[in-house]
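*Asks:* Chain residues, written in single-letter form:
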Amino acid sequence: MKKLKTDRGAKQNKIETKAKYTVALAGNPNVGKSTIFNNLTGMNQHTGNWTGKTVANATGYFEYRGENYQLVDIPGTYSIMSHSEEEEIARNYICFGNPDVTIVVVDATCLERNLNLVLQITEITDNIILCVNLLDEAKKKKITVDLEKLSQILKIPVVGVTARKKKTLNELLKATRKACEHKEKLKTIYQVQYEETIEKVIRELQEILIKQYQIKPELARWIGIKILDGEESIIEEIENQLHIDIGENYSKKNKEGKDDDSNELKTIKKQITEELKEKGITKEIFKEKLVTTMVKNAEEIAKKVCKFENKAYAKRDRKIDKILTSKKYGIPIMILFLLIIFWITLVGANYPSQFLFSVFGNIQEKLIQFATYIHCPEWLSNMLILGVYQTLTWVISVMLPPMAIFFPLFTILEDLGYLPRIAFNMDGFFKKACCSGKQMITMCMGVTKWEIF
Amino acid sequence: MNTRTINTLAIEETGIVSKIMGEETIKRRLLDLGLIEGTKIKPVLVSPSGDPRAFEFRGGLIAIRKEDAENVKIK
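Chains A and B, in that order, are what the protein sequence lines are.
Residue 89 in this note's numbering sits at position 89 of the first sequence; the count goes up by one each step and never skips.
Residue 1001 in this note's numbering sits at position 1 of the second sequence; the count goes up by one each step and never skips.
Everything labelled a hint here was simulated from the structure, so no lab data went into it.
Heads up, a few of these hints could be off.
Stated by the list, open to error - Derived BS3-like pairs: lysine-lysine, alpha-carbon spacing no greater than 27 Å straight-line:
#: 1; chain 1: A; residue 1: Lys283; chain 2: A; residue 2: Lys216
#: 2; chain 1: B; residue 1: Lys1042; chain 2: A; residue 2: Lys142
#: 3; chain 1: B; residue 1: Lys1073; chain 2: A; residue 2: Lys283
#: 4; chain 1: A; residue 1: Lys141; chain 2: B; residue 2: Lys1040
#: 5; chain 1: B; residue 1: Lys1040; chain 2: A; residue 2: Lys166
#: 6; chain 1: A; residue 1: Lys296; chain 2: B; residue 2: Lys1019
#: 7; chain 1: B; residue 1: Lys1066; chain 2: A; residue 2: Lys315
#: 8; chain 1: A; residue 1: Lys155; chain 2: A; residue 2: Lys178
#: 9; chain 1: A; residue 1: Lys165; chain 2: B; residue 2: Lys1075
#: 10; chain 1: A; residue 1: Lys431; chain 2: A; residue 2: Lys328
#: 11; chain 1: A; residue 1: Lys139; chain 2: A; residue 2: Lys315
#: 12; chain 1: A; residue 1: Lys307; chain 2: B; residue 2: Lys1042
#: 13; chain 1: B; residue 1: Lys1073; chain 2: A; residue 2: Lys277
Bound conformation, chain A alone (with noise of 0.2 Å):
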């Protein structure tokens, strides 16, 4: 649960302004991106939207040895080659919002899965750190991941760490450092390599691109691969952000932009498009292709630095997670541990709300007094005490405690993991609503809710 807080304080506008480098934090969904994000920014976030998008990056700052951060939080996904505005997102920040550093985490306990994101990365910017998070709970399940050879293979710096304990954060601040710092000594990095046909035709992209745009090699590379995989909004993104006319509309839509139909690019473009054709290499088999590379060289590089000393380890958590989603106890127990979290919300919340009401009714009596002393007209104090002060008073009185206690609770049993299978759970119930099963936790949010009025 991302606490984000809208309350800008005189220091935070402090780092704000001055903040020196821009940290992207990229990531699959439930790799503990928030908790980093989270723990290394403290109260100094607020959301905010990048190029005006309704799915917002959310935006801290954080200062290490006198330096001051930028971090974004861009969206969790499992790849930023499809078109879901998340992805579209993710990705857009990645290539165009020049970043000094992108921080990648990834799961230690399903590394393979999330190193296709990385490599996907991997391909835009060669200013990565690979973050390796849930390093404890991967020694529960008796897996080791070998950040040496993995930071050996894919020629980045690696650090492994364990979000939920703020002090093994710390190796990942000193990378951020250094990486913000010393830019320009990277070596070239672990670059997927594809089929020899297609490798030949990226190249030929990837020299115009450099000769006829000055852009750099790496980036030039990927936006190659891009204008042959003819995803729509990535071409659209590029052309409008580094000014390239790859696809058929842009010089319509960009009057200014350099119309000319001999186009070096496009002509290219065209000859390539035909050739691989003619090799039976059509749009469709191109990207599925592209996929199979990626997905392959994450495996074969997860075999090289994982190794899983227990092969049974998953055997004791499948069987409660058997359990827990079984048609017989499976949506009982999820009643029951929803009750016992709302009994305790309720019933526990009234010991503080009778404490601050009252703490604050005590008060009340003192501000009463304190008018008579000074001789305040009565229709003063009593719009001032029984009017603001007392609304205000009760309002905090019975909302404050619900929401301290119905959140954290809320918090662990997201961290025990059981949020996704409440939504595995009744995933099949709510399609016969037509939404998804994530509905179920905005739904109990919304139940304590009316229960406190």
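Starting from the known structure of chain A, fit chain B onto it as the hints suggest.
*Replies:* Structure of chain B alone, referenced to chain A:
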């Protein structure tokens, strides 16, 4: 041609992915999750209502609805 999908796999029965069908968006999504040709996949959990089922592949566990799983053909 044999056109079994992962929906026909029994719980704990392993299948090997042969092809991903379906329209662009869903196909891309499934590929991105790592479901490519040759991937070993095994359903391990069923939701109380019977749909979705959770599949284990590539060291992870992912719930896939029947209508989406229909697109994953196995050998």
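*Asks:* Take the hints in turn and mark each one as holding or not.
*Replies:* To see whether the hints hold, each was checked on the structure:
1. Lys283(A) / Lys216(A): 26 Å, holds
2. Lys1042(B) / Lys142(A): Given pair Lys1042(B), Lys142(A) holds - Cα atoms ~21 Å apart, limit 27 Å.
3. Lys1073(B) / Lys283(A): 21 Å, holds
4. Lys141(A) / Lys1040(B): 21 Å, holds
5. Lys1040(B) / Lys166(A): The given pair, whose Cα atoms are some 37 Å apart, is violated under the 27 Å limit.
6. Lys296(A) / Lys1019(B): 15 Å, holds
7. Lys1066(B) / Lys315(A): 25 Å, holds
8. Lys155(A) / Lys178(A): Holds, at roughly 15 Å.
9. Lys165(A) / Lys1075(B): 45 Å, violated
10. Lys431(A) / Lys328(A): 20 Å, holds
11. Lys139(A) / Lys315(A): 15 Å, holds
12. Lys307(A) / Lys1042(B): Distance ~21 Å between Lys307(A) and Lys1042(B) Cα, so the pair holds.
13. Lys1073(B) / Lys277(A): 26 Å, holds
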